[in-house]
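Asker: Work the whole structure out from these sequences, hints included.
The primary structure of each chain is shown beneath.
2 protein chains.
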Amino acid sequence: MYSSNFQPEASLRWKRVQSVLQSINADAVLLNTNANLYYSSGRIFNGYTYIPSEGEAIYFVRRPIGLKGENVHYIHKPEQIPALLTEIGLPLPRKLAIEWDASHGDFTRLCAVFPDAEITNGSAVMRKVRSVKTDYELGLLHESAVKHAEVYHRIESVYHNGMTDIELQIEIERLLRLHGNLGLFRINGQSMEIFMGNVICGDNADTPTPYDFAMGGAGLSCSIPVGCNGSLIRPGMAVMVDMCGNFTGYMTDMTRVYSVGELPDLAHRAHQCSIDIHRAVSQMGKPSVKAADLYNLAISIAKEAGLENYFMGHTQKAGFIGHGVGIEVNEAPVLAPRSKDILEGNQVIALEPKFVIPHVGAVGIEDTYMVTPEGMKAITNAPVEIVSLS
Amino acid sequence: MYSSNFQPEASLRWKRVQSVLQSINADAVLLNTNANLYYSSGRIFNGYTYIPSEGEAIYFVRRPIGLKGENVHYIHKPEQIPALLTEIGLPLPRKLAIEWDASHGDFTRLCAVFPDAEITNGSAVMRKVRSVKTDYELGLLHESAVKHAEVYHRIESVYHNGMTDIELQIEIERLLRLHGNLGLFRINGQSMEIFMGNVICGDNADTPTPYDFAMGGAGLSCSIPVGCNGSLIRPGMAVMVDMCGNFTGYMTDMTRVYSVGELPDLAHRAHQCSIDIHRAVSQMGKPSVKAADLYNLAISIAKEAGLENYFMGHTQKAGFIGHGVGIEVNEAPVLAPRSKDILEGNQVIALEPKFVIPHVGAVGIEDTYMVTPEGMKAITNAPVEIVSLS
Chain A
1 MYSSNFQPEA SLRWKRVQSV LQSINADAVL LNTNANLYYS SGRIFNGYTY IPSEGEAIYF
61 VRRPIGLKGE NVHYIHKPEQ IPALLTEIGL PLPRKLAIEW DASHGDFTRL CAVFPDAEIT
121 NGSAVMRKVR SVKTDYELGL LHESAVKHAE VYHRIESVYH NGMTDIELQI EIERLLRLHG
181 NLGLFRINGQ SMEIFMGNVI CGDNADTPTP YDFAMGGAGL SCSIPVGCNG SLIRPGMAVM
241 VDMCGNFTGY MTDMTRVYSV GELPDLAHRA HQCSIDIHRA VSQMGKPSVK AADLYNLAIS
301 IAKEAGLENY FMGHTQKAGF IGHGVGIEVN EAPVLAPRSK DILEGNQVIA LEPKFVIPHV
361 GAVGIEDTYM VTPEGMKAIT NAPVEIVSLS
Chain B
1 MYSSNFQPEA SLRWKRVQSV LQSINADAVL LNTNANLYYS SGRIFNGYTY IPSEGEAIYF
61 VRRPIGLKGE NVHYIHKPEQ IPALLTEIGL PLPRKLAIEW DASHGDFTRL CAVFPDAEIT
121 NGSAVMRKVR SVKTDYELGL LHESAVKHAE VYHRIESVYH NGMTDIELQI EIERLLRLHG
181 NLGLFRINGQ SMEIFMGNVI CGDNADTPTP YDFAMGGAGL SCSIPVGCNG SLIRPGMAVM
241 VDMCGNFTGY MTDMTRVYSV GELPDLAHRA HQCSIDIHRA VSQMGKPSVK AADLYNLAIS
301 IAKEAGLENY FMGHTQKAGF IGHGVGIEVN EAPVLAPRSK DILEGNQVIA LEPKFVIPHV
361 GAVGIEDTYM VTPEGMKAIT NAPVEIVSLS
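The listed protein sequences correspond, in order, to chains A and B. Counting in the working numbering, the first sequence runs from 1 upward without gaps. Counting in the working numbering, the second sequence runs from 1 upward without gaps.
Take these hints with a grain of salt, some might be off.
[What the hints assert, rightly or not] Below, computed lysine-lysine pairings styled on BS3-like, alpha-carbon distance capped at 25 Å:
1. B/77 with A/317
2. B/286 with B/340
3. A/317 with A/340
4. B/377 with B/286
5. B/77 with A/340
6. A/15 with A/95
7. B/68 with A/317
8. A/303 with A/286
9. B/317 with A/68
10. A/128 with A/377
11. A/77 with B/340
12. B/317 with B/303
13. A/77 with B/317
14. A/377 with A/290
15. A/128 with A/95
16. A/290 with A/128
17. B/128 with B/290
18. B/290 with B/377
[Said to hold, decoys possible] Quick list of simulated restraints, FRET-style, between CB atoms:
19. A/25 with B/139: 55 to 63 Å
20. A/156 with B/95: 56 to 64 Å
21. B/337 with A/290: 54 to 62 Å
22. A/79 with B/337: 17 to 25 Å
[Stated by the list, open to error] With the C-beta cut set under 10 Å, the calculated list includes, among others, these residues of chain A facing chain B:
23. 63
24. 99
25. 100
26. 103
27. 107
28. 166
29. 170
30. 178
31. 193
32. 210
33. 216
34. 221
35. 246
36. 250
Bear in mind the hints are in silico, worked out from the structure with no lab data behind them. Source: prediction; values computed, not measured. Positions of the beta carbon are idealized from the N, C-alpha and C atoms, including for glycine.
Answerer: Below, the structure written as structure tokens:
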């Protein structure tokens, strides 16, 4: 299933899952979404991971053929799982966690496979477990972060006068791919879709989107109305670059701002306010701190600077200033006013206090941090100032 | 909600949905996945489309702000829908179709909004409706097809000696984007993930993947194990290019093969067999023909040519030779041995009889067709021969 040097990591992850299962008196979790199959095995396969509340995980695999390992069992359909568990010597679960984030069709089928089990929400179990990263995962996030920053350093080199936002984005996409970006932007839930990220400039930043991203943009098509819209990048515009950092299966999130010509003072003040919010929130962001308190701190700083009207959007506002990130870009915790999340050590959080200045564009930075007892430490490291392209 | 010139198209689509709803005695369908929101309104929004079995569709919108139109109602949460229906003067549905392809969480929430309704599978309704394209949709598919073919014509111009498969793919991705490709590869279901498509060469074509795509490849990471793996493109290798044609929100699917140096006779014979299968299947593929019969025809031609061992994969085989395509890449009908689908006029089908030749790579072509009374007519048009890159 995986190489032998991944075995200790796999065991560590099962144990974390088991600790949560035991706390809700569940006997097992049965996973079938790609993000959780990847988490539980270190690779994507077509099938199911069964993690009992004690002992080793069992992998029921449909495809690809040829996976080897002690706990790998090939199946054609999930209805074979109960008999195989019995054969292995495991009792059938009385209380079983199944992923609510899977399709209703898949969920219903798995429920029918275990007709006598009480069913509970496996997505909630995994969301909790995955929000705190292992050292191995932090290593992959750091690796993504280094490459992410390397690409951002080169953005100036691909810009030329007279470019449109989409032309610049295409060159950044190519840089990302040449540096090893896998392209895929994993997002939990089906309502959010985006290609590799966003480059938005000028008034397009103020166009509302249907998606729950921090920034807007009309997009190039009604079929994916977000991000660049073909605007010519002109003097006086801020160009916000928020592209996906998936170099390792673990994604970093990072935003920097570029300018052409002079930006008005308001844009510079708002950008500085974003930097100030980063400093304050990252100092306060320690284990046991409420995520909602970090949101409120950010809002209060924006208000005090008289910039509330532009904070987290202007025509339409985003309802959060940061979010967990890892295998997916929208993990726990969420830094939002009604969030119930409490920070824990080794959570990884993308913080994105941004401002939309009408007729100028979006300013502010985003960095990905890990939570430590000393506060949030940035893992994406690059200069924070607005970079002049002209 | 949409421009006035889309109004007749929207009405036509509702009527198609209503015809299926009436056939199963359902009073309405409530849609919430992006693909079906796009189909029912011509744009992506965050919210719900409610289509009663008679009359006009109602759009319940959460985001973006500012959408206008007679049947647009802003809501904060789906629990507001029943009261709004009553206010509009519509009866609450006794039998309601909800999408089984939505997450179990979303499905369960919508069921609770209509506690007295009998619930049926809305995904099946929409799959049936969307398999037959309107003239408007065919126009968008043709537009995608023309651009798709234009890019393939330019592939030779971005190849240079000593490239790896991923380096070539990155240049093709850039060409696609510069020609207006939106990037997004919409696939129904969460178990299939891919970036913009596949470039596979040499033995990598014979590496099994977990995904239900026709072709394999190890990929660059365990987090997305499909497609190119960094192989150097060397003399004697076939390079299969199967990249996504999403230029309009409607995707065409198209594969061509390139070679470096001489390919063995077996590869040329298999490529010609693929062309022969295209001719035979497209002649037979008329309304009322069984999809399974087309699959069987393809298999019999491959067998007769003595190429069965390589057909649709070698180490691991795909279980189909073609599939419907439109907003998503895996629509109905499916050309597979146990498919119950029957062809209908104006269905759009990607046909991909391919062969994997060990140590050489994958050969064969894929084209997107529309079903007509005279057979399947290709909408992706480009030379079918293997193109020499060296």
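Asker: Hint by hint, note whether the structure agrees.
Answerer: Status of each hint after checking the structure:
Simply put, residue 77 of chain B and residue 317 of chain A have alpha-carbon atoms about 17 Å apart, close enough for the 25 Å limit, and the pair holds. For the suggested pair residue 286 of chain B and residue 340 of chain B, the alpha carbons sit about 15 Å apart, so the restraint of at most 25 Å is met. Note on residue 317 of chain A and residue 340 of chain A: the hinted pairing holds, with a Cα-Cα distance of about 21 Å set against a maximum of 25 Å. Distance restraint check for residue 377 of chain B and residue 286 of chain B: the Cα-Cα separation of roughly 10 Å lies within the 25 Å cut-off, and the hinted pair is therefore satisfied.
Restraint check for residue 77 of chain B and residue 340 of chain A: the C-alpha separation of about 20 Å stays at or below 25 Å, so the hint holds. Taking the CA atoms of residue 15 of chain A and residue 95 of chain A, the gap is near 18 Å; set against the 25 Å cutoff, the hint holds. Of the pairs offered as hints, the one joining residue 68 of chain B and residue 317 of chain A holds, with about 19 Å between alpha carbons and a cut-off of 25 Å not exceeded. Note on residue 303 of chain A and residue 286 of chain A: the hinted pairing holds, with a Cα-Cα distance of about 23 Å set against a maximum of 25 Å.
A threshold of 25 Å between alpha carbons decides the hint, and for residue 317 of chain B with residue 68 of chain A the separation of about 19 Å falls inside it, so the pair holds. As the CA atoms of residue 128 of chain A and residue 377 of chain A are separated by approximately 21 Å, the hinted pair is consistent with the 25 Å bound. Our distance criterion of 25 Å between C-alpha atoms is met by residue 77 of chain A and residue 340 of chain B, whose separation comes to about 19 Å. Using a Cα cut-off of 25 Å, the hinted pair residue 317 of chain B and residue 303 of chain B holds, with the two alpha carbons roughly 15 Å apart.
Taking the CA atoms of residue 77 of chain A and residue 317 of chain B, the gap is about 17 Å. The hint holds against a cut of 25 Å. Restraint check for residue 377 of chain A and residue 290 of chain A: the C-alpha separation of about 17 Å stays at or below 25 Å, so the hint holds. Proposed proximity of residue 128 of chain A and residue 95 of chain A is supported: the alpha carbons are some 18 Å apart, at most 25 Å. For the hint linking residue 290 of chain A to residue 128 of chain A, the alpha-carbon distance of about 15 Å falls within 25 Å, and the restraint holds.
A hinted pair counts as satisfied when its Cα atoms are at most 25 Å apart, and residue 128 of chain B with residue 290 of chain B qualifies at roughly 15 Å. Between residue 290 of chain B and residue 377 of chain B, the direct Cα distance comes to roughly 17 Å. Compliance with the 25 Å bound is thereby established for this hinted pair. Taking the beta carbon of each, residue 25 of chain A and residue 139 of chain B are about 57 Å apart, inside 55 to 63 Å as hinted. At about 60 Å, the beta-carbon gap between residue 156 of chain A and residue 95 of chain B stays in the expected band of 56 to 64 Å.
Taking the beta carbon of each, residue 337 of chain B and residue 290 of chain A are about 56 Å apart, inside 54 to 62 Å as hinted. Taking 17 to 25 Å as the suggested C-beta distance range, the pair residue 79 of chain A and residue 337 of chain B conforms, at roughly 21 Å. The restraint placing residue 63 of chain A at the interface with chain B holds, with a minimum CB-CB distance near 5 Å, inside the 10 Å limit. Interface restraint check for residue 99 of chain A: the shortest CB-CB distance to chain B comes to about 8 Å, inside 10 Å, so the restraint holds.
Checking residue 100 of chain A against chain B: minimum C-beta separation of about 4 Å stays under 10 Å; hint holds. Here the hint on residue 103 of chain A is kept, as its CB sits about 5 Å from the closest CB of chain B, short of 10 Å. Because the closest C-beta pair between residue 107 of chain A and chain B is about 4 Å apart, less than 10 Å, the hint holds. This hint holds: residue 166 of chain A has a C-beta 8 Å from the nearest C-beta of chain B, less than the 10 Å allowed.
A least Cβ separation of about 5 Å between residue 170 of chain A and chain B falls short of the 10 Å threshold, and the interface hint therefore holds. Because the smallest distance between the Cβ of residue 178 of chain A and any Cβ of chain B comes to about 6 Å, under 10 Å, the interface hint for this residue holds. Against a cut-off of 10 Å between C-beta atoms, the interface hint on residue 193 of chain A holds, since the closest Cβ of chain B lies about 6 Å away. Taken as an interface hint, residue 210 of chain A checks out: its beta carbon lies about 4 Å from the nearest beta carbon of chain B, inside 10 Å.
About 8 Å separates the beta-carbon of residue 216 of chain A from the nearest beta-carbon of chain B, less than 10 Å, and the hint is met. Hint status for residue 221 of chain A relative to chain B: holds, with the closest Cβ pair at about 5 Å, below 10 Å. Interface restraint check: residue 246 of chain A against chain B, minimum CB-CB distance 8 Å, threshold 10 Å, status holds. Look at residue 250 of chain A: its Cβ gets to within about 8 Å of chain B, closer than 10 Å, so that hint holds up.
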